[in-house]
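Residue numbers (this note's numbering), protein chains in the order written: chain A, 1 to 491; chain B, 1 to 306.
One or more of the hints may lead you astray.
Unchecked claim - DSS-like, lysine-lysine: derived pairs with alpha carbons at most 25 Å apart:
#, chain 1, residue 1, chain 2, residue 2
1, B, 53, B, 33
2, A, 491, B, 33
3, A, 442, B, 82
Simulated from the structure, these hints should not be mistaken for laboratory data.
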Amino acid sequence: MAKRTVKQNTKLKFDTAWQYSAAPETPDHIVLADKYDLFINGKFVAPQSKKYFDTINPAKETRIASVAEASQADVDAAVKAARTAYDKVWSKMPARERGKYIYRIARIMQERARELAIIESLDGGKPIRESRDIDVPLAAAHFFYYAGWADKLDYALPGMAARPLGVAGQIIPWNFPILMAAWKIAPALACGNTVVLKPAETTPLTALKLAEIFRDADLPPGVVNIVTGAGATGASIVNHPGIDKVAFTGSTDVGKIIQKALAGTTKKYTLELGGKAANIIFEDAAIDQAIEGIVNGIFFNQGHVCCAGSRLFVQESVANEVVRKLKDRMETLIIGDPLDKNTDIGAINSREQLNKIKALVKVGVNEGGDCYQSSCTLPSKGFWFKPTIFTGVAQSSRIVQEEIFGPVLSIQTFRTVEEAVEKANNTPYGLSGGVWSDKGSKVFKVTSKIKAGVLWANTYNKFDPTSPFGGFKESGMGREGGMHGLSAYLK
Amino acid sequence: METKQKEKIKKVAVGLNGHSHHAETEVRLAVQKTYKLYIDGKFPRTESGRYYKLNDKNGKVIANICRASRKDFRDAVVVARKAQGEWQKKSAFNRSQILYRIAETLETRRQQFVSTLGLQSVSDAAAQKEVSAAVDMLVYYAGWCDKYQQVFSCVNPVESSHFNFSFPEPTGVVSAIASQQLGLLNLVSLMAPALAGGNSIIILAAEKFPLTAIDFAEVLNASDVPGGVVNILTGFSNELHTHFSSHMDVNAIVYADNNSAALKTIQTNAASNVKRVVVVQHVAEESPYRIMELQEVKTTWHPVGI
Numbered sequence: 001m002a003k004r005t006v007k008q009n010t011k012l013k014f015d016t017a018w019q020y021s022a023a024p025e026t027p028d029h030i031v032l033a034d035k036y037d038l039f040i041n042g043k044f045v046a047p048q049s050k051k052y053f054d055t056i057n058p059a060k061e062t063r064i065a066s067v068a069e070a071s072q073a074d075v076d077a078a079v080k081a082a083r084t085a086y087d088k089v090w091s092k093m094p095a096r097e098r099g100k101y102i103y104r105i106a107r108i109m110q111e112r113a114r115e116l117a118i119i120e121s122l123d124g125g126k127p128i129r130e131s132r133d134i135d136v137p138l139a140a141a142h143f144f145y146y147a148g149w150a151d152k153l154d155y156a157l158p159g160m161a162a163r164p165l166g167v168a169g170q171i172i173p174w175n176f177p178i179l180m181a182a183w184k185i186a187p188a189l190a191c192g193n194t195v196v197l198k199p200a201e202t203t204p205l206t207a208l209k210l211a212e213i214f215r216d217a218d219l220p221p222g223v224v225n226i227v228t229g230a231g232a233t234g235a236s237i238v239n240h241p242g243i244d245k246v247a248f249t250g251s252t253d254v255g256k257i258i259q260k261a262l263a264g265t266t267k268k269y270t271l272e273l274g275g276k277a278a279n280i281i282f283e284d285a286a287i288d289q290a291i292e293g294i295v296n297g298i299f300f301n302q303g304h305v306c307c308a309g310s311r312l313f314v315q316e317s318v319a320n321e322v323v324r325k326l327k328d329r330m331e332t333l334i335i336g337d338p339l340d341k342n343t344d345i346g347a348i349n350s351r352e353q354l355n356k357i358k359a360l361v362k363v364g365v366n367e368g369g370d371c372y373q374s375s376c377t378l379p380s381k382g383f384w385f386k387p388t389i390f391t392g393v394a395q396s397s398r399i400v401q402e403e404i405f406g407p408v409l410s411i412q413t414f415r416t417v418e419e420a421v422e423k424a425n426n427t428p429y430g431l432s433g434g435v436w437s438d439k440g441s442k443v444f445k446v447t448s449k450i451k452a453g454v455l456w457a458n459t460y461n462k463f464d465p466t467s468p469f470g471g472f473k474e475s476g477m478g479r480e481g482g483m484h485g486l487s488a489y490l491k
Numbered sequence: 001m002e003t004k005q006k007e008k009i010k011k012v013a014v015g016l017n018g019h020s021h022h023a024e025t026e027v028r029l030a031v032q033k034t035y036k037l038y039i040d041g042k043f044p045r046t047e048s049g050r051y052y053k054l055n056d057k058n059g060k061v062i063a064n065i066c067r068a069s070r071k072d073f074r075d076a077v078v079v080a081r082k083a084q085g086e087w088q089k090k091s092a093f094n095r096s097q098i099l100y101r102i103a104e105t106l107e108t109r110r111q112q113f114v115s116t117l118g119l120q121s122v123s124d125a126a127a128q129k130e131v132s133a134a135v136d137m138l139v140y141y142a143g144w145c146d147k148y149q150q151v152f153s154c155v156n157p158v159e160s161s162h163f164n165f166s167f168p169e170p171t172g173v174v175s176a177i178a179s180q181q182l183g184l185l186n187l188v189s190l191m192a193p194a195l196a197g198g199n200s201i202i203i204l205a206a207e208k209f210p211l212t213a214i215d216f217a218e219v220l221n222a223s224d225v226p227g228g229v230v231n232i233l234t235g236f237s238n239e240l241h242t243h244f245s246s247h248m249d250v251n252a253i254v255y256a257d258n259n260s261a262a263l264k265t266i267q268t269n270a271a272s273n274v275k276r277v278v279v280v281q282h283v284a285e286e287s288p289y290r291i292m293e294l295q296e297v298k299t300t301w302h303p304v305g306i
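Let the sequences and hints guide you as you build the complete structure.
Written out as structure tokens, the structure reads:
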């Protein structure tokens, strides 16, 4: 006990001990066009709609490029190209050759990793440290992993002669643009399907760079088609009669609309939807490590993470210590220029998302929650939100129930394992969860009781191409990644 | 005169549901069975008090069958939710033994099911075949209870220093609408894969085959299946399928009938809480993938280090 008291009086003062000099990544060597067309049948073509929209840098609110808005006619053309490529080329190609194309894509991505990381941070606002060390290398690794499956599919679904589904329509979100494109495209191609993919309207650029890579890799025309646009373009894909499978990552609300739209059709679908994960800290956890896990859980990628550990549950006996240390740690987080290599937290992806976060935080305060924010200063231009935690909230609080998708953490306490599990499962979501304890048997007891697809024990927000990802309950259905990710693209 | 008298006695003795064949010469009235629902290991009549008549092929009433209501279904979901956790917690070996026990009990009641299927207009030969198939399917899935996890789980070779494994877990509470084509195998083909995988289930029996459904509930009740793990309702699919698919505490729905309009409604309603929708096309199909349709793969990361 005495030892604990000493610890509680120790404050980590990283911020005053030394200052960081700015260390911005230079964007001068990257090549971005002023205007991007649709990638259909191996070529960049102007949209039949003749419409373009701007994609902006959320850290500066400046325009980066114009991007085509695909209409129904454009989606028709993309689906037609994908169908022809499926029938005439991709489904007939020896599986090993198919795999070699995918390997080639992975390699070119690695060669152009620096460029892709910078564009990802420019377009989406995420810190370069994350896009450079996580998003881009993981995306390339996904292609590399699934490339090797192409000629080994008979081992993936025992007892079944696996066949591709046909044309896959894929819709991805703005939080991990290139990584989500890789999660969708790599397994689809490995299994012998062709693809029509729509990136999110606020982050289309890396998907279009990926299109350049497909072209440079000599991927046969029509095997992957990239159509940019907003919700209407996505609806055209989902409802297109020429699509055999829909893969969607995004909000639970839109996921439900898609599931409803597919009723009465024979289209297969996988949905990777929202989450409100519990991150549970037991009193016997290594507290300093747990603090890092909490920070990584909720502030990674500005909290724009479907599996974010947005509900913190701390055992009552260590609650004061955890909250104090968390506040200390939050003071050390560097918020600012996404291209600066020191930056921990970048810009909020869009004004729309910033407004949503602000509105929910206001609800949290109005409902009586105790709101604490780090004392950092925010840049004057761009979309920013301070790292925020709430204590004094109830299970019924809206900020405890609803996915905020921002750097906002709610903190509750518990006394027993049963109470922690009960509270953790008291949500319609079931995507992920975290457990912190030094006792192995307790860890496995709790991870086995949490109804969620990914459980991190004494770690958080870890991803790997070999590791399946996806939700229970209203967090979606189907898995992406690993061997289980193949069944989403086979019959 | 004497022959006529005998015939009269026979008719009375056999009674409405025809279960007493031996009483030809006795002058006694056969005891008829009241067909009920099966919820929480108990046999209540429907709370609604409603019924529908089941007729034999001559148009004679065999029984007044419970026409289950939305409330009956909701009651069943509550008990199925309660029972599911305990069922999942049982060891795979124990679940396997219980499924095998159902097969044993069903086999010893073969004649009862053949005669009940007969009452529902199934020929003797077809009924014998169906009972055999049902028993064998139960044995088949009993065997999978402690094996599908091995076939469909894996340790993933992640790049970082973590022990990472993926393992199937039950989806949870399943609602199911039986095929109208068969009277016994249709129930077993819905129940066995769900139970083998640790789910609990609420089955709506075929309108045409309510007798075998409730007789089968008695088999379950005598086979150590905990109350609430399997619940069987009788009633009208066109009334209940909307409730089976829209209930917010049901995780998956299995549809084995072939009405495309009903299926579309089910698929639409299922979106309300992202229910998994499984369509069974071949009732007799036996496959571990039938188990996996009602499973969720969970992946756990654990650091390796000191």
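Consistency of the hints with the structure:
no. : hint            : in the structure
1   : 53(B) to 33(B)  : 14 Å, holds
2   : 491(A) to 33(B) : 46 Å, violated
3   : 442(A) to 82(B) : 24 Å, holds
The structure does not agree with numbered hint 2 stated previously, though it agrees with all others.
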